[in-house]
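Number of protein chains: 2
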Amino acid sequence: MNNKSIEKITTNIAKIRTPLRLVSGKTLPQYDLKYETYGELNENKDNAVLICHALSGNHHAAGKYQGDDKVGWWDNMIGPEKPIDTNKQFVVCLNNLGGCHGTTGPTSINPETNKVYGSDFPIITVNDWVNSQKELMDYLDIPYWQFIVGGSLGGMQAFEWTLQFPLLVKNCIVIAAAPKLTAQNIAFNEIARQAIMKDPNWHDGNYLSKGVFPNHGLALARMLGHITYLSDASMKEKFGRDLKKSKLNFNYEVEFQIESYLRYQGEKFVTGFDANTYMLMTKTLDYYDPIKDLSKSIKDRLGDSKSKYLIISFTSDWRFPPIRSKEIVKILLDNENNVSYSEITADGGHDAFLMENKDYFDVMRSFIKEVDDGF
Amino acid sequence: MNNKSIEKITTNIAKIRTPLRLVSGKTLPQYDLKYETYGELNENKDNAVLICHALSGNHHAAGKYQGDDKVGWWDNMIGPEKPIDTNKQFVVCLNNLGGCHGTTGPTSINPETNKVYGSDFPIITVNDWVNSQKELMDYLDIPYWQFIVGGSLGGMQAFEWTLQFPLLVKNCIVIAAAPKLTAQNIAFNEIARQAIMKDPNWHDGNYLSKGVFPNHGLALARMLGHITYLSDASMKEKFGRDLKKSKLNFNYEVEFQIESYLRYQGEKFVTGFDANTYMLMTKTLDYYDPIKDLSKSIKDRLGDSKSKYLIISFTSDWRFPPIRSKEIVKILLDNENNVSYSEITADGGHDAFLMENKDYFDVMRSFIKEVDDGF
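As you go down the protein sequences, you meet chains F and W in turn. If you're matching positions, the first sequence starts at 296 in this note's numbering and goes up one per residue. If you're matching positions, the second sequence starts at 296 in this note's numbering and goes up one per residue.
I should point out that these hints are in silico values taken from the structure, not numbers from a laboratory. Predicted model only: the values in this text are computed from it and were never measured. Just so you know, not all the hints are guaranteed correct.
One copy or two, it doesn't matter: identical chains are merged, so the pair holds either way.
What the hints assert, rightly or not - Listed next, the in silico DSSO-like pairs over lysine-lysine satisfying Cα-Cα at most 27 Å (straight line): (1) K625 - K329; (2) K540 - K321; (3) K625 - K531; (4) K321 - K505; (5) K475 - K587; (6) K383 - K603; (7) K587 - K540; (8) K329 - K383; (9) K542 - K475; (10) K340 - K664.
Using the sequences provided together with the hints, build the complete structure.
Given below as structure tokens:
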């Protein structure tokens, strides 16, 4: 394991003042995008990499802030001599529109009303994210992405970039993703949303103006998410049927370790995340359906793409199992795109995309080396 | 399909006045068991069959009440000339202790306080259920069960009977079950309980005395249950990504058919089920661990059993997949018990055990025919 972490983190806000016409039909007149960069854009401007985050991610992908103990959410992947090598690449990661970590979202002030957006913040789609990320790209004066990479919902953004701006993405890495959600995927999201909306502190999404938080609902949503991120096998290995105390209580207090873990995860999450953002991100996932989107065939959408793809899945991922990644592979093969596919044997479930694993990291290194060696 | 339904349903209440010492250490001084019988107990008293219900089941397994449109929950399986043939067998099905359909449970009056039990009702284990079912057996003057059958949590009871009263069960059919829950199974139950307990109407389980119901929480719990009862494939076939209306709303109203279905299932469920019973049944599931229970080895527990077993699993069941049923088979094989195993190809997920399926019903008929032909 490479423990070296990025030394220089540049955190900034891009104030975009070009109105963004959204897929929903609404328009966002202006917005801020909070982002970080690691490494340096070279003279040829051909080493820029975009990292797209998943449901609960943000712009802080790697390195450690001064005085902070914790590194960014993908620090094992991004850094000096790591697969995404900040000695070579210029890495950009932003908090997505609708987020709650510095980018304009439901917790921001609506400039038209001077009040917090709350539930007035429009629903954002993956297409909208890509359009807003394109604004950031222009703002940073990046002519094209050497590659875009993302896991889960991040992978959907990476894929969508190649459909929306096929000439601006040289390479695309889609990890632990699917081309669209199944009914079961949507069902899990719907229950998460119902948990939040049935919280008496929800107030139709305008809880901030009441000075309360639908934390019970948000915690439940997060607990449910966690089940789908872990595999049955990894839960078994980590917790099994281990008890919290030495004997059974026969009441509704924590009995098994897994219960304690889930309650802790739920409680921790609500201290740093906004319920409206969570709601919005689940809808973004539900809506993503690039083949149906914009009433264009995939052929029409992919037609011009010269992007080279790497698709990665994990054997124990049951949220987006290998078969779902293969759907993307098939779409690309049918369209005669250049695609590599790797199915990694891993016990970590959906979360495996965030974990260090030799095979996984070797595949990433090898693809990125080819990318570096010329395209 | 055989549409003939039972003509005569006998519904009754057994008033058990022998105190029941529970695994939790508590004692239930007295209790009522609501039960139904179909068919007739023959002179030799060798044709009695016990049906054990699952989490949300009850005593009304087959036939139709006068003036009612709906048949019992396992009417396709139980009836004249059906796999469990009421022309031959004397079928008994009870509402389990802790239930909310006529048997003593959290909604009953506690004779010691003359108030509704609510959360004072003790947690019941599978062992306790078997002990209370044994009381019903004595009450009905049944010397032994020709067979006991159950699916899911019902299968655990059937299995447990052969451990607890090995000489009183000639044959045992365990369908879509597991010998104990995994961490993931417990995790789903815990989230269901958290949903109920975080409902402001929960009042520590004493909601009835306040005249309210934690229906939001109970509906969420049921919705979550439904995801685990259906397979990804059956959801895909039934709902896919079909929209409720012709176009997207871009809000938090129902967008996809699957959302509509889940909300409906949640809302329907709360009109006929008690939250404390739901809580209790999930704990009963969590605690079941017959190998660990009572500090006896499985060999010690199974030692005397001459029961013949049929274990059935369904390919698309991801709540208790075939591998979990095979754990039961292995325990029995290691102990040199007589066991048959059948893995049925079915798309219905965990709920497949409630659905008509030729292979499944043929296996049931064939096993039961052997049972009838002599033991």
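Cross-check of the supplied hints:
no., hint, in the structure
1, K625 - K329, "neither (35 Å within a copy, 56 Å between copies)"
2, K540 - K321, "between (53 Å within a copy, 20 Å between copies)"
3, K625 - K531, "between (33 Å within a copy, 19 Å between copies)"
4, K321 - K505, "within (26 Å within a copy, 45 Å between copies)"
5, K475 - K587, "within (10 Å within a copy, 43 Å between copies)"
6, K383 - K603, "within (19 Å within a copy, 68 Å between copies)"
7, K587 - K540, "between (52 Å within a copy, 16 Å between copies)"
8, K329 - K383, "within (23 Å within a copy, 73 Å between copies)"
9, K542 - K475, "between (45 Å within a copy, 17 Å between copies)"
10, K340 - K664, "within (17 Å within a copy, 78 Å between copies)"
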